[in-house]
Each structure stands twice: as structure tokens, then as C-alpha cells.
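Residue numbers (our numbering), protein chains in the order written: chain A, 264 to 422; chain B, 4 to 178.
There may be inaccurate statements among the hints.
If we take Cβ atoms under 10 Å as the criterion, some of the chain B residues that face chain A in the derived model are [to be verified]:
#  : residue
1  : 16
2  : 18
3  : 20
4  : 27
5  : 36
6  : 38
7  : 45
8  : 49
9  : 112
10 : 115
11 : 116
12 : 117
13 : 119
14 : 159
15 : 163
16 : 166
Treat the hints as calculated values from the structure; they're not laboratory data.
By construction, the Cβ of each residue, glycine as well, lies at the ideal position given by its N, Cα and C atoms.
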Amino acid sequence: MIKPDHQDEFYSFEEIIERERDEGLAFFRSTDFELRLKMRLETDIRTERSCLVFLKKPVLVLSALAMVCCAAAVIIYQILSPSPHEKSVKIIEELLLQSTYLQEVLAEATIPGKEQKSIATYFEEELACWQNPKCRKKFFSQILNVFKEVRNDTENIGT
Amino acid sequence: MTYSNKSERQELFQDLMMYKEIVFQICLGYTKNPWDAEDLTQDVYLKAYRKMDSLLDSRLKKEWLFRIAKNSCVDHGRKSRLRRVFPLFQEVAPLDQGTPEKHMMRDESREALKNAVSQLPAKLKDTFILREYGQLSYHEIAAVLGTKKGTVMSRLNRARQAVLHRMKEEINDQT
Chain A
264 MIKPDHQDEF YSFEEIIERE RDEGLAFFRS TDFELRLKMR LETDIRTERS
314 CLVFLKKPVL VLSALAMVCC AAAVIIYQIL SPSPHEKSVK IIEELLLQST
364 YLQEVLAEAT IPGKEQKSIA TYFEEELACW QNPKCRKKFF SQILNVFKEV
414 RNDTENIGT
Chain B
4 MTYSNKSERQ ELFQDLMMYK EIVFQICLGY TKNPWDAEDL TQDVYLKAYR
54 KMDSLLDSRL KKEWLFRIAK NSCVDHGRKS RLRRVFPLFQ EVAPLDQGTP
104 EKHMMRDESR EALKNAVSQL PAKLKDTFIL REYGQLSYHE IAAVLGTKKG
154 TVMSRLNRAR QAVLHRMKEE INDQT
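Just chain B, same shape as in the assembly (with noise of 0.2 Å):
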């Protein structure tokens, strides 16, 4: 399908903006910092314009659009880690106002949920990311990558545990 009307092209790109928080979400997954994830979200809205023609069925305009985010970050971490410049955790101004204990076991708790994420396979790690933060259902994480919706749980269960794993290893290391 060609959009080559620009209303038209207007109209799905206005559509599309509406998943921009899912999308960003998504980027912080993968990226570890909301300024590099903006700036990839900037970026996954970019492609989606240029790439509008290849979408074939604007019914799947959502799952389409995630599928770039997930592309771009996987992209994004693969020049990262070449360049190796990429910092490994940059914290957020916390916006609640707790103690500093609690703020310290936070940004422990945090980086040691980086590292585990970082460390699953590329497959696991897609997938828990689409759901944990982009929050996306069985269905379209299975459309976004391409698989069934059983592979989905059960990749799911399999990065949750290992997760879980690998957090109480680091943590019990930092004690």
C-alpha cells in the first residue's frame, strides 16, 4: 500500500503518534536512560515516516510501529556496544521524596535489574521487555516478533525466572 496522499500520510502518522508513550517505554527497556530512549523514539518515528509505504495492512499499524522500536533498540544497543562508549546506567531524578537508604536500595535494586535484563538471550530479553515495559499483550508481542502466542508465555516464564535468578545473585554478591 502506497500513501502517497499526504493527508493520508498525515492521518496514520497521527495515529501512530498516539503509541509514542508505549513506544518510549519500550526504548527505556532496552536503552537504560529516558534521554537516550527519547532520543530513539525520536528516532523509531522517523523511520516509521520514511517506511510508511511498507505497511501493508493499516490494521496493523500498531504492531508494525513496535516492530521498528524493536529494531531500532536492538540496532541501537548493537552500535553501543561497538563504539563502547554506551554508559551503563545514568539514574533519574527520583520524583517521590523517600529516605536516602531507601533511595540508595532502589538504585541497587535497579541496576542490578539492568545487568540481569542485559544479560538474557536476545530472544527472552525481547520479549520481557515488550511486556514489562511496553506492557503489550500475548497477541501483539507474538505479531511484533513474529511467533505464536504460546512461544510468548512460555519465553516469558523462562526471562522472568532468569531474571528473578540473576537479581538475587547480584544482590547477595553486593552483601
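Excised from the complex, chain A in its bound form (with noise of 0.2 Å):
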């Protein structure tokens, strides 16, 4: 063990430090240090040599900012846009508040013989069908036949 009171056992900082010097050089001088230092200078070179060329080149630049730009237009719009399922809620959405007012002319166009019927009924009838597109198509054209019997019915009322 160390002894501090015994001077031919105690090393003084110097001493130690000196001899950390020593071993240290002894390493770094068996060390490849120039060499590895080169190869990481031409690299460090290259990369800095192939970033200078491309920015340069304002047309390269400009390019590269262009498709930048695309690319977060489209992911922006991606995020934003609603998706068909919610497009499609929508416009049943509408289409229900606006069967309140074809009830209320339905329920003022009395014509002997026909059957009134609620279209807010009908349409959540036929909404179960919704997903499949034929059933969907035919919905549609159903939705349209209301429609255009409505019209008929108030216009006959007219005359």
C-alpha cells in the first residue's frame, strides 16, 4: 500500500504525471493517428465537397424544394381531406334534414289513393344498405323517384 509518510514509496504528482506522459506518447506514437486522421479528412472533404455542389446548383435547390413542397401539399391534404366514409355521412346528413320539409309538402299534397309515408323512415330503411354499391344505386334512384313524386304531387296541387 501506499505509505505518503515514506518517500521512497509515495510518488509525487509530477512523478506520476510524467510517467502518464510517457506511456501515453509511447502509445500514440504506436498508434496510426496520421493516417486515420487523413482518412477521415477526405471523407469529411468529399461530404462537404458533394454539399457545396448541390447547393450550388439554385436549379437543383429549387427543385428539391419543389418536391419538398409536393410532398407535404399531399400529406397535408391526406390529413385534412374527409374520408369517402365520412363524405357519405354527410350527405345523409342533409338528406335527412331536408326529408322534414318533404313531409311537411307531402303531408299538405292529400292525394286520394296514396300512401303517405315518412321519408325519414324510408331513408333509415335503406341506409342498412348503404355499404353495399348496387343496393346503394338503387336507393338512390328510389331517393329520386320521391322526389320527382313530390314535385308532381305540388304541381298537380297548383292546377
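With the hints in hand, could you dock these two chains into one complex?
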């Protein structure tokens, strides 16, 4: 163990540092420091040069920026635009709102022998087949017929 | 000053390479093991190459390089502390063939010294390492640290006393 009071067994910090410096230097000289540094510098210069070449050409920079902007716009559009399902739901909601008005019209248009049907109920019944494209087409054609009937009825009242 | 000419840059870089061993010694003082010190020396030279244009007066290239070395070492220490993976002490293979008992004593003394230096306040530590490891003159240390020669001398004196005191304390604790 180290005993500070025994001069021959205690190393002064100058001695320790000197020894560490000598050993460190021997290690350093044994490494391929310059070769490694040269390789790292070459890589560094090459990277810097390729970046500079790119930056020095405004057409390249502008086209890269334009591409980035386009990509960003597409992504934002995808995020913000409603999905087909959301669009369909909105159309149905609007149609249902309109149906209240149509019901009122139908209530007023009392034509003998013609069965009055709540369009809201009609819509609700048909909503179940909304997912099926064929059914959807049929659904819209039926709605169209209802609208046509209502229009004919109101025109008949006028006459 | 801008070193736009390739040959000017290379010439300056070759001049800077003359101080690689001093830079390594400074890094050794901060890093505690020669492997890290060698890596840091590489980083110092890469930084020097990149920042060559910031050297305004080529007569001060030596001090400029040592300042980069000192700052790189301080940054390295800070990052290592944050990562907490920095080994406290990695022993270098001894060159001489002394007795095992002597080796053990020397290793313990070195560890005590390293601990003592690492506990020094930043300003004292920088001065101590630049002087004891880098063997820079008072004037050079003053230029690197941006202070006066007298301040360097007093800081060095305080640093040496603190190191000696802490080393003795540590060694006494061990015995």
C-alpha cells in the first residue's frame, strides 16, 4: 500500500504525470494517427464538397424544395380531406334534414289513394344497405322517384 | 483571414500537425485514458481543419489550436458525464518491468491523482492540465484561457496545492 510518510514509496504528482505522459506518448506514437486523420479528413472534405456542389446549383435546390413542398401538400391534403365514408355520412345527414321539409310538403299534398310515407323512415330503412354499391344505386334511384312524385304532387295542387 | 487557397490550407494544417503530441497530452489530462485522448486529438484536428477560417492571425495558430483542444475536452467531459458511461480509469500497459507491488502502488497513486484533478474547479483544472500535461508556458496558457500571466501563476499554485492535499487525503483513506 502507499505510505505518504515513506518518501521512497510515495510518488509525487509530477512523477506520476511524467510517467503517464511517457506511457501515453508511447501509445500515441504506436497508433496510425496521421493515416486515420487523413482518412477522416478526406471523408469530411468529400461530404462537404458534395453538399457544396448541390447547394451551388440553384435549379437543383429549387427543384428539391418544390418536391418537398409537393410532398408536404399531398400529406396535408390526405390528413385534412374527409374520407369517403365521412362524405357519405354528410350527404345522408343533409338528405335527412331535407326530409323534414318534404314530409311537410307531403302532408299538405293529400292526394286520395296515395299512401303517405315518412321519408325519414324510408331513409333509415335504406341506410342499412348503404355499404353495398348496388343497393346504394337502387337507394338513390328510389329517392329520386320520391322527389319526382313530390314535385308532381305539388304541381298538381297548383293546377 | 480566409484560407481559400488549397495549398495555404494544407501548409497551415501541416504546421498545426507539429503540435499533435502536445494536443494529445492535453487530451490525456482531461480524458484519463490514452484511447479516448487519441480519439479526441483526431476530433481536435478535424475541428481545426473545418474552422481554419476563424484563425485571424496565423502567428497565434498554436494558442488557437490549444484552445480548440481545451474546449473539445471540456465538451467531451460534459457529454461523458451526461451519458454516465465514461470509465473512471483505464490502465495503460506499463512500459517498464518493475515489481508488481510497485505497479500497484503507482496505479493507486495515479488514480488518486486523477480523482484529485477531476475534482478541481474548472478554471484551476484547465490551468493545471495545460501546464502539467501540455507543458505550456505561462504566456501560452494565458493566451489559451484569455487571462493574464499573473492569474495563471496564482491559479496554478492553488491547483497544485489542492491536488496535493486531495491526493494525500485519498491515500490516507486507503491506508
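Status of the hints after comparison with the structure:
| no. | hint | result |
| --- | --- | --- |
| 1 | 16 | holds (8 Å) |
| 2 | 18 | violated (14 Å) |
| 3 | 20 | holds (7 Å) |
| 4 | 27 | holds (5 Å) |
| 5 | 36 | holds (9 Å) |
| 6 | 38 | holds (8 Å) |
| 7 | 45 | holds (6 Å) |
| 8 | 49 | holds (6 Å) |
| 9 | 112 | holds (4 Å) |
| 10 | 115 | holds (8 Å) |
| 11 | 116 | holds (5 Å) |
| 12 | 117 | holds (9 Å) |
| 13 | 119 | holds (8 Å) |
| 14 | 159 | violated (13 Å) |
| 15 | 163 | holds (8 Å) |
| 16 | 166 | holds (6 Å) |
The structure does not agree with the numbered hints 2, 14 stated previously, though it agrees with the rest.
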